[in-house]
Amino acid sequence: MLNFRTKTIVILSLLFSMFVIFACTAEETSSNSGSGSNTLATIIDRGELVCGVNDNLTGFGVVNSAGQFEGFDIDFCKAVAAAILGDAGKVEYVPLTASARFEALAANEIDILIRNTTWTASRDRDLGNDFTAPTFYDGQGMMVKASSGYDSIEAMEGATVCVLQGTTTELNLDDRFTGMDYTPLTFETNDPLQAAYEEGRCDGWTTDKSGLASKRAGFSTPSDHVVLAETLSKEPLGPLTRDNDSELYDVVQWVVFGMMQAEESGITSSNVTSMASNPSDPGMARLLGVGFDGGEPSDFGFGIDVNFMQNVISQVGNYGEVYERHLVPLGLTREGSLNAQWTDGGLIYAPPFR
Amino acid sequence: MISSLFKQLKSETTTRKKIEVLKNDKSFRKFFIQFIFSIFMLFFLFYLISRAFSLELGFGHLSSRAGFGLSHSFIIEYTSNDSRWGAYFTGVINTIRVSLVGIFLATFLGVIMGLARLSKNFLISKISAGYVEFLRNTPLLVQIIFWQLVLLQLPQISNALTFGGVSVWSNRGILLPIISSVENGSLWVLILLISLIVTLFIRSYLHKYKEENVKIFSPNLLSIIFFLITVIVSYFILGIDLRSDVPTLEINEYGTYIQSGGFVLTPEFSAILFALVLYTGTFITEIVRGSIQSLPVGQTEAAQALGLSTYQRITLVILPQALRSIIPPLTNQYLNLTKNSSLSVAIAYPDVFMVSRTIMNNAGHALPMLFLILSTYLSLSLLISLIMNLLNRRVTRIGT
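Line order of the protein sequences matches chains A and B. Heads up: the first sequence at position 331 corresponds to 331 in our numbering, and the numbers run straight through without jumps. Heads up: the second sequence at position 375 corresponds to 375 in our numbering, and the numbers run straight through without jumps.
Chain B extracted, bound-state conformation (with noise of 0.2 Å):
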């Protein structure tokens, strides 16, 4: 076509009658329009390109001291004298924190009130469709100011309720009792959650094994006499002393009241969580409701003409059908709960955005924290899609 179109020119001797040529043919009309787009865009890219060098790229200055405190950090103790990739990290890790626990959450107050909308019982199914109705229509970053506006009207630390001594509660944070160990405690969790999953995986092998060679052991004992065995090595290998740890509640000699020990829920992380858990909780609830209702109705009636009960039908009929509908939306939910995080900034809780705020405000070289930023929330997403897919995978594939 092209050369057929040169030739065409060619043929024409005048250059007036050579434009009405380009002009009347189609596909030169469309390249020459492509053309001149794609030029603009690249015009376009390298302007941007060529602003982006006259700023200063590079992660040096993240290697300097950080010079300022941070009032939540999990796991890294992290002081004012830590660099501030130690500040980074502290608050990549306050993120995960209440994305993790809010995901949990957001799972089971989605599924149980996903579960209640569709019972038959007016009030429960009328409470699931409020809470649903009232909580999805409203903006998140208004409820989790108005969370942390609940929590400060909790009593002031004067007046905090002590429940006879076992508990803090005050608008500076819930204090509750655990057991801990002196030392060595977060790692022992560890441990025992690693053998958890491969107790778990033992025991599937086993039944596997039961079921095509003998039936002269039991599968379950066995994993249990294993998860025991490593428990009580662990604890005596690391050393685990458990005690009790209750909080307490001092003034010191100026007067100002001191409150430590216990597992501490401090209003900012709480609202954050309340609202990230109660705000996706509606949307988990819809999808749960959605894909138990796109089952045909002779799932259930089978099951009940087979006579299992309402639990038995829920758990081994209508959930394990309705998981494979929920999953793909579930998997977005979970992604917007871990970017809707970063709203946390508004009232005062750490997370990794509000923290690389601070550190570009001190020593600037705002793009290349903002593609720090964007690349850590990018892996954090894509590792939640990653395992939501390994999850797919196994509850869509039918017969094994």
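Here chain A stands alone, though its shape is the one from the complex (with noise of 0.2 Å):
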């Protein structure tokens, strides 16, 4: 039998290692928290980024034979990868599935999520996220087979419509539908889903026109099937940091507007090296972090290397680059689109280096 001063101390000494361990994880915690934290701080000390991705959408984040991660999201990691620690190789990926990808990021699990991620005001705000410039403009179309004969969205007044579950296509084509009699079959994978289509069991199949190019591509006779003029929704992709991380958040927002500049301004992995060493103008010399004529470089404060944008081209490339790398194999041509220069009529432009 304990007696009860023996009792006292175990209690005592119990409720004491209580406190000091709520004490610590308090603490610890509160270091971890999303408001006021510096992830950029985080990832300089790690020596490592780790990013959020898709491995399976080919183009834009998938793991390759060699078991590589490879593609257009991948490359904007290792851009700003190169940026904060001046090696693009010093990335950890973190496959995500779509709705995993909010949770993780909120969690500290990732510091950026690069994730053909379409950016909404719920998920701005709502989900405590902060998205950077969009990187890729896509939108929403609609796949029918040709023998069905629709030619508008009106037209399928009735019909069954298969649609990824869980997405921002799934709203968007329920929105489209108000007023319109339709069934939604939802799947959870692109397998089945596609199954479905082919043999009959929906009318269409919806998702962003960048995914039905290339599924398009895939079938035994692609014109046998139309992709739909109209778009249904206009899904901007681009990266993502928490809420209140202000600092890594302007350090991806100007990693990716310096990679656009880059290309307005003739900037390519084969030739940083020489403009670096004898820039042609002062804006180039400001992008590049070197001085002008003999001058000194621009800092602009971001916390990094001021010559970053130099190690992102060199070993990333330029934004046409990227796009041409990953995006053309597709079918995804950029002249006409929304993903033009804005030189060319399209929409990628970039704010000022000054």
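Derived from the structure by calculation, the hints contain no laboratory data. Bear in mind the structure is a predicted one, so any value in this text is a computation, not a measurement. Just so you know, even glycine gets a beta-carbon here, dropped at the ideal spot from N, CA and C. Heads up, a few of these hints could be off.
The calculated label-pair distances, taken between Cβ atoms and stated as ranges, are [what the hints assert, rightly or not]:
(1) A:Thr8 / B:Leu48: 27 to 35 Å
(2) B:Lys23 / A:Lys7: 50 to 58 Å
(3) A:Asn56 / B:Lys30: 49 to 57 Å
(4) B:Gly255 / A:Phe300: 40 to 48 Å
(5) B:Ile76 / A:Ser147: 34 to 42 Å
Each of the two chains sits in its own frame; use the hints to bring them together as a complex.
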């Protein structure tokens, strides 16, 4: 039997240890939690960027046959790592499903999320994210069989539409069919959806037009399928960080802009070294973080190397090179699309580096 | 013991010797290890709780407009304009629907196959054995996707089979003709079910009354009269207008095929139902077979010696005794069937899990949603356990 004194000692020591543990944990949480934290400093300390990505979307984020991540979104992870750490290889990729991505960011499992994510008001405010400049302007489309004779969404009254579950696509579809009768058939993954579409279980297949283009190209006779001209929604895809994480947010934002500006100024991965040693104008010198004509380089105060854009462009390339590498092979041409440079009538436009 | 340890500690003067005493004391060692272990557990627990509190908890987001459509809704008519709660309950009802129908059909199939497995007829017993061995040893998810692909091989809707205009069969669903009422139909069916249960209670009470008292009336006839009266009275009060509901297939002005009316079995519901019934049926078959085989052979021999027919032998002697050892493992299978219905997320049947995942993706707040899903499945499982325990108590009662 324990006597009274021993019992008291045991209970007191237990209480004390609980108190200590709670204090430690509380301290740890406050240093980790969203408000006022500085993920940029954490990344520099850690020496590695943790990037949430897609591992199953050809062209944007996919694991290739050599086991390496590659794609349009992956290259932006590399670019941010190159800017902060000077090495595009210092990235840890965390593949995430569409439904797990925001929780992973909120729970500090990843530093940034670049996973073909559409910028919406509720995601920006309600889910506590900050979206940087879009890297790709997509739009939702509808693919139907050529034999069905549909020429517009209006004609699809009463139709059954196959759609992927838990995406903005599902919500846009419902908005577009307001006042019309339709049945959504919601699949979790693409393979059973494709089988249902091919067997005629549904009249149409809706997802982002970029996705439809690559799926249509994969059919045995692509001409049997038509992507309707109408765009159901705006889908600007881009990187995102946590709310109130402005040091990292600004770096990601301006890396994206820098890659766009580099394309506009004609700086590519092959000529960036010669351009940096002999910049042709003061604007180019500011972008590359070098002095013009023997002057001092301008520092914008990002808290990283002033010549970070040199690392980005030499290791990853400018916006046009990244697009050419991953999206042109899918059949997504830039000419005439929203993803052309602003000088060509598109939306790819960087604010001035000044 | 502890106090003697303290005395020993006091008597030692140097710290090193004190540690030596503690190291050699068995009960202190045990206490020390458990103490360290509980500190680690507490640390882990507090870590989890503090992480959970850094996420947002609460169900406020479920009151907003859902904004997405669902392909299957039952009893409650759901539209995308309803709240997310509406979508969630539609999912709950879809889960209950497939589980309930699945439990009835799987029990039926399992009992038949279990008896068939014990048949002396070579063909019948081998068919049953083949069914069990083949379907029990393949993954359920694969079977679900298999059934979906099989049902997609039905003719496309442009070539649908109509069987002379009474039914429509295509890979968009099997539409069967039914008798239905324009309004109050489901309410009437509910009233009929309740009155049927009440009738069964009245019948057993009357039987007991008859045994104890007089032998001047027929309990069966009286119960039937009671049931018919409730049927007729409710028919007129609710203004039921019964008519045959034959499914139709039309083409609208844009060339879309529109099917309407009748009782609809969609490929998604059928695929998940077939897979769950056939898979769970194999386990029920084995439970029925094992329970019957565990009875002493003397029971069968005695029934045969009394001159009972095969049907009488099974229903009056064998099954009532086998039921005692059937019900506990059967409850497990019912629970498994209900929980396995969450696999329907793979083939576009909107059960509670699929709807919740859609809501999580639209509105975030994954943690409270997961708690909600878990408590929904827990309530369903506990309800099944409760009913089965009541049933078990009834069949294990000896001598009444």
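Hints versus structure:
1. A:Thr8 / B:Leu48: 27 to 35 Å: At roughly 30 Å between Cβ atoms, B:Leu48 and A:Thr8 fall inside 27 to 35 Å, so the hint holds.
2. B:Lys23 / A:Lys7: 50 to 58 Å: violated (23 Å)
3. A:Asn56 / B:Lys30: 49 to 57 Å: Between A:Asn56 and B:Lys30, where Cβ atoms are some 51 Å apart, the hint holds.
4. B:Gly255 / A:Phe300: 40 to 48 Å: For B:Gly255 and A:Phe300 the Cβ distance comes to about 59 Å; the hint is violated.
5. B:Ile76 / A:Ser147: 34 to 42 Å: Holds, since B:Ile76 and A:Ser147 (Cβ atoms, about 37 Å apart) stay within the stated range.
Checked against the numbered hints given earlier, the structure breaks hints 2, 4 and satisfies all the rest.
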